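Trainee: The residues making up each chain are set out below.
There are 2 protein chains.
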Amino acid sequence: MSFDSLLIIGGGLIGSSIARAAKSRAGVSTVWMADKSADVIETIERLGIADGVAEGSAHHFASKADLIIVCVPPGKIAEVAADILPVMKAGSVLSDVGSIKGAVITAMRPHLRDDVSVIPGHPIAGTEFSGPEAGFAELFDHRWCVLTPINPDDPALPKLTAFWEALGSDVAIMDPDRHDTVLATTSHVPHLIAYTLVGTAVDMETVTGDEVVKFSAGGFRDFTRIAASDPVMWRDVFLSNREATLEVVDRFIEDLTALKRAIRWSDGETLLDHFAKTRDIRRRIVESGQDEPNFGRDD
Amino acid sequence: MSFDSLLIIGGGLIGSSIARAAKSRAGVSTVWMADKSADVIETIERLGIADGVAEGSAHHFASKADLIIVCVPPGKIAEVAADILPVMKAGSVLSDVGSIKGAVITAMRPHLRDDVSVIPGHPIAGTEFSGPEAGFAELFDHRWCVLTPINPDDPALPKLTAFWEALGSDVAIMDPDRHDTVLATTSHVPHLIAYTLVGTAVDMETVTGDEVVKFSAGGFRDFTRIAASDPVMWRDVFLSNREATLEVVDRFIEDLTALKRAIRWSDGETLLDHFAKTRDIRRRIVESGQDEPNFGRDD
Ligand SMILES: NC(=O)c1ccc[n+]([C@@H]2O[C@H](COP(=O)([O-])OP(=O)(O)OC[C@H]3O[C@@H](n4cnc5c(N)ncnc54)[C@H](OP(=O)(O)O)[C@@H]3O)[C@@H](O)[C@H]2O)c1
Ligand SMILES: NC(=O)c1ccc[n+]([C@@H]2O[C@H](COP(=O)([O-])OP(=O)(O)OC[C@H]3O[C@@H](n4cnc5c(N)ncnc54)[C@H](OP(=O)(O)O)[C@@H]3O)[C@@H](O)[C@H]2O)c1
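Chains as they are written, first to last, in UniProt numbering: chain S, 1 to 299; chain G, 1 to 299.
There could be a bad hint or two in this list.
Pairs involving identical chains hold if they fit within one copy or between any two copies, as the list cannot separate such chains.
[Claimed, not checked] Cross-link-like lysine-lysine pairs, in silico, DSS-like; alpha carbons within 27 Å at most:
id, residue 1, residue 2
1, K23, K89
2, K76, K260
3, K23, K64
4, K260, K36
5, K159, K277
6, K36, K277
7, K159, K260
8, K277, K76
9, K23, K36
10, K89, K260
11, K76, K64
12, K89, K76
Don't read these hints as lab results, they were simulated from the structure. Small disclaimer: the values here were computed from a predicted structure and weren't measured.
Bound-form chain S, shown alone (with noise of 0.2 Å):
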């Protein structure tokens, strides 16, 4: 029961790697692209990924497609599908890769339609890396996918469920405030705070950036991947994720003022006893296969 034809507006990161998937795990037939940019239009096209593409405009395919996916930056879904829903044929799905749901889920209302499913998702899988160079088939495997159907009883969820799960992934369904949330403590403020630290180590006038390069393998290179993701992307998602990613910065700013206020005061039982509770959910998120140990070898 796979979609016939794909149409996928956005062919970055996470729109190629759907493409270079679509055709030999999902048996869609036909996967067509479009971009706003020129640059993008002619790297699918010498990458051989799509079996038609537009630059600009995607009217032609969305009146065909059986399934569109948007893959633009958050802040631009709403208006990409405000601008397609209308010419979609009926019967079809319209669906979304966006790190957020919730805001763009309220821009998108007014335009829905009965005889269209709308059904936003967002595969929590990436890398730093932008653009459809980077894109690759096995981004989403052993990844979840959360989708966040306007409507729980869509007649079309367990067809994009099955579809997602042909590309590797495990299908989460949730509520949209839901997937808020739960994103602005494992991914959005992770982000912000690696981009906030890799910020205040370049600035710190007491080490020069020489000194953070070569002495990064002790943490901080860590950070510095997170916080090389694409800025755009990021900008759009603090500001529609705005009421979740504050609560939960504050609260980390509460956690970080006690265990400073333990180092204050040389209270090293506070600290053993809180750097001890965090061990077990890393062994838990590694028995999950969400990561695998590989004992610092390569990284």
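With the hints as your guide, set chain G with the ligands onto chain S.
Mentor: Frame of chain S; chain G with the ligands shown alone:
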């Protein structure tokens, strides 16, 4: 001009990694190891990485060794040094691998001898695992090792430098206080922040532990890896490098507060400016070989 005999006190991750590399790479003839724990000694014997072992007192070997490297937790280094310095032979070298230098050197000072070279060190290499089985000979490859000699003109400095170079490291000679300031930024504060954030996530009432584990691939799992590091070692580090740690943490909180304000007031430009500048430091780390880009494929 390699050292003929080496005694390693503390047979954990770092000590056992040095043991594995010392003969094959650095031309050492005899490697002895001492540890306070019977379990560790038993494992070392089973692994066959030492020519002789001592559980508890290392005086017997210490009186014969050309080089002694103390590889115990930072809070115990000065104590171990004070215990063995009196029995060391004239002309031998005492070093360590502790992650902090200033406080350890201050505590060692009363025990120094004119006829023993004391050259503390810190290999900027490690993993989140502990114990003798976690060690491996390649741990120091392409990593920096900082040496902070008590006497900058110590005639044994070139020999110890050559030892670490043979183990695969680049060697940097630094003042102990400068080491502690730089490492507060590139290592100590990143660890404190990772410990804090993982604790915050675990304590959020709005998100379950299961959700944190499932959706950790969004960035969080990198923090959990750092926050799985040895609690005792890190407690010692923060208590011993208090001033520099607190200074960097305060700057970080200031910067985070500014970004929080930008999010609250929808100031996208400030966010974008900040996020764009952190990419450059990542590029330099990758170029310097302190990290290799793998397009996210294996993490
Ligand atoms: N990167 C991750 O780790 C990750 C993970 C999960 C989900 N996501 C989500 O995936 C989406 C795409 O992210 P990405 O990492 O793939 O970004 P990307 O590599 O920058 O790709 C986005 C592409 O969309 C194009 N685009 C922008 N506005 C458009 C429009 N109005 N019409 C058509 N194309 C447009 C961009 O062109 P220009 O380059 O010319 O702007 C670019 O080629 C985002 O919503 C993000 O939240 C990302
Ligand atoms: N791990 C890293 O990433 C890293 C990186 C660079 C530098 N370092 C430094 O390396 C040193 C060792 O760290 P590690 O990761 O190798 O720790 P580890 O794996 O826990 O090993 C430390 C070993 O020292 C033993 N020990 C403790 N007190 C002792 C004493 N008084 N006499 C003899 N043995 C004693 C411990 O025995 P018990 O297990 O019975 O306590 C343990 O076997 C620390 O100073 C740390 O700052 C660590």
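Trainee: Let me make sure I understand: some of the numbered hints might not hold for this structure. Which ones are they, in numerical order?
Mentor: Per hint list: 4, 5, 7, 10 violated.
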